[in-house]
Structure formats: C-alpha cells, structure tokens
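Residue numbers (my numbering), protein chains in the order written: chain P, 8 to 404; chain X, 29 to 361; chain W, 1362 to 1676.
Derived by calculation from the structure, the hints in this document are not laboratory data.
A virtual CB, placed ideally from N, CA and C, is assigned to each residue, including glycine.
Please note that the accuracy of each hint is not assured.
As a list, the in silico DMTMM-like pairs of lysine to aspartate or glutamate whose alpha-carbon atoms are at most 20 Å apart [said to hold, decoys possible]: (1) Lys1602(W) to Asp93(P); (2) Lys1553(W) to Asp51(X); (3) Lys392(P) to Asp316(P).
Listing some non-contacts, in silico: residues in chain P with all C-beta distances to chain X over 12 Å [claimed, not checked]: (4) Gln173; (5) Thr296; (6) Pro382.
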Amino acid sequence: MRKSLFVTMFVLLVAAMVLTACGQAATPTATTAPTTEVMNTSAPATTPMPAPTATLAPGSVQVNAGGGTFPLPVYTQWTYAYQYVDPSVVINYQGIGSGAGKSGILDNTLDFAGSDSLLSADQYTQGKDLQMYPTLAGAVVPVYNLSWAKAFDATAKIPALVLDRQTLVDIYNAKVTKWNDPAIVKLNPGLDGYLPDATITAVHRSDGSGTTEIFTKALTAFSADWTAGGAQSVEWPVDKNGNGIGGKGNQGVAAAVINTKNSIGYVELSYAIANSMPMVSLVNKAGKTVVANADSVAADMADFATAFDDKLNATIVDGSSDGSWPITGYTYFILHTTSMTDCVKASKIVEFFTWALTDSSAGQAAAKLGYSVLPTTVRDQVIAKLSAVTCDGQPVK
Amino acid sequence: MKISKTNIQKLLKKFGQLFNHGDRPWFGLLILMSILVLVLMVGIGYLLWRDSALSRSSFGLSFLLPTKDPSWDPVNSDFQAWPFIYGTLLTSVVALLIAIPISLGIAIFLAELCPAWLRTPLNWLVELLAAIPSVVFGLWGIFIFLPQVVTPIGNALYSAFKNVPGLSAFFAGPIPQSGSSRLAASLILAIMIIPTISAVSRDVLNAIPPSQREASLALGSTQWETIWQILIPYGSSGILGAVILGLGRALGETMAVTMVIGNSIEGTISILRPGYTMASIIANEFAEAVSKLHTSSLIEIGFILFVLTLSLNVIARLLVWSVTRKNPQEARS
Amino acid sequence: MTTNYSELLKRGVQTRRLRRKSVNGFMLSLTGILTLLALVPLFWIIGYVIYRGGKTLNLAFFTQLPKPMGMAGGGVLHAIEGSLIVTLMATVLAFVPGVLAAFYAARNPNTPLGIALRFSTDVLSGVPSIVVGLFGYTLIVKPQGHYSAFAGSVALAILMLPTIIRTTEEMLKLVPGALREGSLALGASEWKTSLNVLLPAAMDGVITGVLLAIARAAGETAPLLFTTLGNERFDLGSIIKSGVQNHQGIFQIMGRIFNSPIDSLPLTLWKYAQQPYPERVDQAWGVALILMILVLTINVIARIWIELRKKKLRG
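Take the sequences, apply the hints, and build the full model.
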C-alpha cells in the first residue's frame, strides 16, 4: 500500500516535470500570457498595455540580464530599489563580465546586457538590431598594495603614489619591474627610500572585461609602446614575463591586490572606495596630477562632449583638460531594438532604463558610489533612441 | 457468442495473456535506457568534436604542441593551448607525486594494521574528505591554506633552489604573497585525490587472499616486509589503477584549482608562479567568448580534457579489473 | 685466535633481525602517521568552516534574499531554494534511467550492449564536470535561448547517473539468485519479478547510492556555471504567490520555476568568495557551512544505512 503510494507520487512528479519542461521550454513567454489575457481580452493583438502596472501581480515579469562588473554596484542598487518602484518586475543582473554580457545578448540567452566594452562591427552585424545605450560614466583607477621599505612617522600622512602615463604603460609592459625603479622614484620624491626593492605584481582581469577595454584603450592612447591593443581581453606582457595575476571581475582584481603584497591593479572607482584601497594619482595629458573622483570624471566627459557617434558609442580616454582623469569610460546597456517577442517584458525593460536615467534617487545612488550621470544633452539623446524600440512592429511604451 | 462458462474463461485467459507481453515492453524499456546512457557518452564526445571543428582546422596540431612563445590572443584570434596543457599536467603530476606515498600509507594502515574497531570510523573519515565540495576547498585554500602553508613552503623552496643550476628555472621567481601559484593548486589537488587513491588501493589490498600473507609470515618476514615485498607487488596493477583514477580526478578538477592558481597565462615553467589549467580557462572564458574561433578553441580544450580522462579511465578500470579478477572476492570498483 | 664462526653468524643474524625489526616498526608507524596527516585537512576545513561560518549564521541568513553589495545583512534564501530545486529535479531525472539501465547491466553483463553500457558508465563517471557543463550549455541553453534550472539539473543528472547505475547494479548482483528463480517459478513475469521482488530486496543499497549521488551533485559548481546563470532575486514563495494570484495552473508555476535562471549554494559560494567586500566574504563562510552540513549529513546518513544493512544481513 505504502509502496504503491510512493510509486504513484513519484510517477506524477516525473510526469509533471516532463510536461512542464516540454511545454514551457518552447514558450518561455507563456508565463506572462495569462496577465495579458486578463487585461486585453478585447485586443487580441499583442500590443503591450499602457495600463497601470498595479494590475500585474508582484514578481510576475522576470527579466534576466548580465554584463560588466564595472557598473555592478550601481546596478544592484538600482534593481534592488526598482522592485519597490514597480513590484511586478524582477530584474536579475549578474556580474559575469562585459564579454559574457555581449555573448549573452548575441545568442539571446539574456534579455539585456550591460557592457563597458563596445560592440565590434562584426557583432553589430551578428546581432542585427542591437543598440547600445550609455547609462553612466565611471573612472578606472589603478590601485596598489605596498609594503613600505621603512616605516613612516606615526603622524606623517603617507603621500599618494604618483605615476605618469608612460610609467603605467611601462609597468604593464613589464619594462618597469621593480617598485624602486628610477622612473617611479623620479615621480615620487617624497617616497624615496620608502619604495621597496620588490618585483611589481601586476594584476589584471582574467575574464573578458569592459574595464580592461577602457584601461587598455587608455594605455594605447598614453604611449605607442603599448602594442597589445585596446580590447576586453588582451595578451598581457606581464604574464609573459611572469609577474602577472588574473582576477575574475572587478571584485577579483580588488581582492587580488588586497591579498598580494607589492602589487598593482586596475579597478572601477567604486570598488577602490568601498574597500578603502590606496589609489594612484596620475599625471594626465595636460601635465597635471589628478585624483580619480566625480569632478575629474566630469572634466574628462566634458573634453569629449561631442564624441558620441550615431551608435551612441564614445571612447573618452586621455582627455586634454587640466582636471580630467585620463582613464574614464562610459558603460552601456545593450538591447535588441526590433526583434524582441515578449512585449510585456520589452516595455518593462524600457521603463526600467528610463527610470534609471531620469529618476533623481537613481542618479544620487550612482553619484554616491563614485559614478557620473550623463550630461543632460546626452541623456535626452538616449531617451530619444529608447523610444525607437519596437516589439512586434509596435513601439514599446 | 454463447455466454457460457468456458467462453468467459477463454475471455479472461485472453485478457490475462495481455499482461504476459509485459516482458517485451519491459525489456524494451531497459534497452532504451541503456542506449540512452551510451548515447550520452557518445553525444558528449560528438558535440565537443563538432563544435571544435573550426579551431581544429585553423590551428591543427600546433594548438597542442609545446611552444616557446605561446599566445592566447582573443583580439587577434590566435590561440595555443600549450600553457593550459602544461599547467594541467604539471599540477596533476606533482599532486600525484605527493599523494601516492600518503595514500599508500593510508591504504596499508587501513587494510593491514588497523584494529577492527577503528577500521570503520577511519574509512568513513577518509571518504568524508572526498565528500567535501570543491568550492569549499577553494574557499579554505584562498584564506587559510595559501597564506599559512603554501606561501612559507614556496618561500623556502625558492631560497633553497635559487642557486641550484638547472632546477632554479623550475623553482624560479618568488611565490606571490597571496600564495596563488601552481604549487598551491598541486597541494590542494593532492589533498583532494588522496581519498580516491587510498580507497581503491585499500580495496585492492583487501582483495589479496590471506594465504599470501600467511605464507610470507610463515617464512619469517616481518609484517612490513610482507606488505612491501609481497602484497604491493601482487596488487601493483590494481594500485596503479587507483593512481590513474586519482590522476583522472586531478585533471578534471575545476573550482578549487581556479580559485588558487592565479589565472595567469604565464611564460615560465616555474611551479612557484601563477598558472592556468585547461579546466580553469574554460570556466573563466567560455561565457564571454564571442568570436567563433575563441569559442571553438575553448571547446577543443574541453575535448582534449574529455579524451584524456576517457583514456585514463579505461586504463584504470582494466588494471583494477585485472587484479581483482585473480581473486574470487568482489572488489568495489 | 680462531674465529668463532657460529658466534659471528649469530651476531650477524641478530643485527639483521634488529634492523629488520626497527625498519618494520618505523614503516608501520609511518603509515599510521600518514593516515593522521591525511585527516588533518579534513578537521582543519570542517573546524574552520564551523568557526567562521557559525558567526554569520542567523535566522535572516536562511530566510532573506541578499542585499546589494556593500549593504550589510541579507541572506542566501535564493541559494538554498535553488540548490534544493536543482538537486531534486536532477535526482528525479537520473533515478529512473539509472535504475533501469542497472537492471539491464546486472542481467546481461556480457552482451555487446551490456559491455558497452558498463564502459559508458565508467567513462561518464570520469568526465570532468566542466565538460558536462559545456554539454548542457550546447544542448539546452543555446537552443532554448535562456539559462534555466532545468538545464542545470540535466547537467547534474548526467553526473549522478554513473553513481546510481553502478551502485544499483552491484546491489542487484548481491541479491541471491534463488529469490529471482523462486519468483519466476511461481509464474511471475520478468518485469513483475524485477519490480516487486528484486528491487525491494536491493532497495537499501539503491537508496544509499542515490544519497551519495545527491551529496555529490549538491556540491558541484562547474556544471551550473554555464547552465543556470545565477539569480539573486529568486524567491520561491513570491513566485508561487504571484502564480496563485494570477490563477496560473500548477504546471505553469512549476514551469516558471524550472525555466528561470537560478542560484545554488556552491555557485553563490564561488561568487562571494572572490569579492573584496568583507560582508560578502563572511557570508561566503556561512554558505560554506550550510553546504558542508548538507553534504556531510547526507553522506553520514548513507553510511549509517550501509552499516545497519550489513548488521541486518549478518543477523
């Protein structure tokens, strides 16, 4: 008796799973169908409704996204706050790296992607209707971990490490391999004698990263010596030389620098601030020593105010004004503009993007973490482009 | 038709006969499931083979061969797998070298010397070591094992071999402060494969008939001489099989290795520097490989891994089977 | 002086005996020391995980979803639910094919199909888990167009299958042949014999095998990397609630659960372990503790079952 009950339950469970898997696998949008039926009984066409979102049950629209870790601190705050703005939609953004985000949106396993790395011409062709929407600008800052050769006075303030553009290139080219190299000492007279005679361990990303793309594009602009290219994934000369380490994600690089003495790495500014890591000050193109913060990022953005092309892509490294931070970049959302089939989801995504760009609390959250919001002119351009998104031929929202 | 007793009986018999065909669908089901398992194995190999076609045709054999200057360049689409093959082989072989003596010692202790009351708990404990998930090993590795054990060992090795000609290249470069290095991966792999090798070796030793031990002891050998000179050679093919099983596990281990090896496509052969393994590069780069050649190269690495572990498994099973076949007892495989 | 050969011989024998005895004692105690040495990491890991992880465990850890990075608090409910769902579904997927294939292997070990089946089982048990993840991505995620718990559970089921087949086959071989012959002699058909006589007789061992396979699958990360993506917003309770509110059928709710990306304990541990935020690292230790308790408990239960069964057989 007990055994046949067990067998029956088991068979029912298997059957249920097989049915749901087969049935739902072919129609991933079926789960939202009931809600549209409830609301559009008189309009069998699949126009998404402009009706108030309160009629959608909480958590009924699931949006899956992934991409760079560059904006991850902000995006997690935004998606967390957005569930209170619009409880019907659940946005799941995974920090898997810009490369994985691009790959996901290209093979349609993600609903939208976040990337600081630009799509190549091939990828635009492959994706057919992809559009990049800039959301924020942020700074990539070199961070370091030094065990000083002698102790500082208890009361003295440790001066910030200063590097110039050529020296940074030389470090990552494995031309400058020790911390007390004359080039570094020359830039830091106050640290002479404190810089240890130790090999520099250069930490870089092990995954395909927009942060790397911004950093390497900056290195390319800094000096003709950098020949590895400016892309999301490069062959690091420091690896060849034996003093490179790869970390996964911005957080992996930060953790690697924190755990490795006498190392240098590059991370997005918010990671350096959140972990109280010592940051490098750079001598920019104008010859001035700058610290990475919202002002220097804004100055750099201003240098390239008209640099957006038709695709809304822009590279803004190595600005020429006095106060500009040379390693800055935009981060983007990537979305299919015409080929989305789930119109409820499409309208929710566009609503989220618009909220993120226009809502003041969203902007404040970003600023608090060290990012810069878009200048108003650019933001209006982006919103204009968003209105061109269509689903099944009808404009979304 | 007349409704008579015999007719009803005939009908019931016909009805009952329906269930006598139950065996054919049953056997059909069994065969179907067995074919499913076969298809799975073939399917994995085929899918890997098919999806790596692009990189196989672009690079040919040079993808695998050792090169002085290997490149793994997604920007220029030039890929060579040698650094990863080297990393995998090095870490696995060093892990084996460390694990074999320890595992043999454990197997001997558990099979020959352990008092009966201690046997079951000790068996459990050793197998419990195998049950710890790989990520937990990695977590413990990053924060505890590496700074407290690997870095001091690495520093000691570095200073010991710094000036020895020939070996100094193998122990070159100071170990990174965090301990992330091929040495760390080897040590953690050794800990992870010890349960595998010792469990199978213990079974092999248990399968040797007591007559061998009795004869040896009767001739006046000490217990150690019996073990070392009689039992181990007798079970050597089985123990070799156990070792190869452990090697297979070490080759495929992903998570713990990725967390402690430093993920650096290094040019040096040194064991003290960060490195990369085949499983790690797939774990790190597959999700983001956009270009077809990049994806195909990663899948080709997966295919190499599959073929390696497949061949090792086959050899190991044959060896273990050959020793247990000599004896009537059933040995757990 | 004449050499006293017998004296020399006796002394030679004595030194050799002494040497052999000391070598014997040394090597034997060495094996004991090596055994203890191998157990050191076991206790070190378990002890440290309990110590570090125990500090972060609280009720919120088990019942809440995570908070954004940098904010304190939050929990790993999504990972616990995810692990349970994916492992349960993997068991369901692997159990029936595994047991049935084992029946075939036990009955016909030497037919071509039987030999091929045992060979495939061995091969599958040695396939690296990352390769299985690749397979799951190519087979399910790419064609379906989204990451899902279903894809993850298929990958885990492939990992569980060899263990289930092997243990079930062994257990079936241990069932005395007389049982089967007696049942057939009484007129039962083959399938009736298998399901009603042989399987219950072997059930204890089969359950053990399944438990061990579950313990292994629960701790695997690599197959889930490319198949389930990860999902910090996954909340079983709210999915069920919203489904009920929308008058969705049970199949639709289940479909939603199985088709959404999902997190799991090992995947969460992997993500959190590499974060620089100290709260995340503490949470990583907490997750490690939960995972270890889960895996080790299942293992211990399985072993106790084996021991009880052995005692029962001994009578």
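Checked hints:
1. A hinted pair counts as satisfied when its Cα atoms are at most 20 Å apart, and Lys1602(W) with Asp93(P) qualifies at roughly 17 Å.
2. Of the pairs offered as hints, the one joining Lys1553(W) and Asp51(X) holds, with about 9 Å between alpha carbons and a cut-off of 20 Å not exceeded.
3. Pair hint Lys392(P) plus Asp316(P) holds up; C-alpha atoms about 13 Å apart against a cutoff of 20 Å.
4. Distance to chain X confirms Gln173(P) as a non-interface residue, since its nearest Cβ pair spans about 22 Å, more than 12 Å.
5. Listed as a non-interface residue, Thr296(P) keeps its Cβ farther than 12 Å from every Cβ of chain X; the least gap is roughly 29 Å.
6. Distance check for Pro382(P) against chain X: the nearest CB is about 30 Å away, which clears 12 Å, and the non-interface claim stands.
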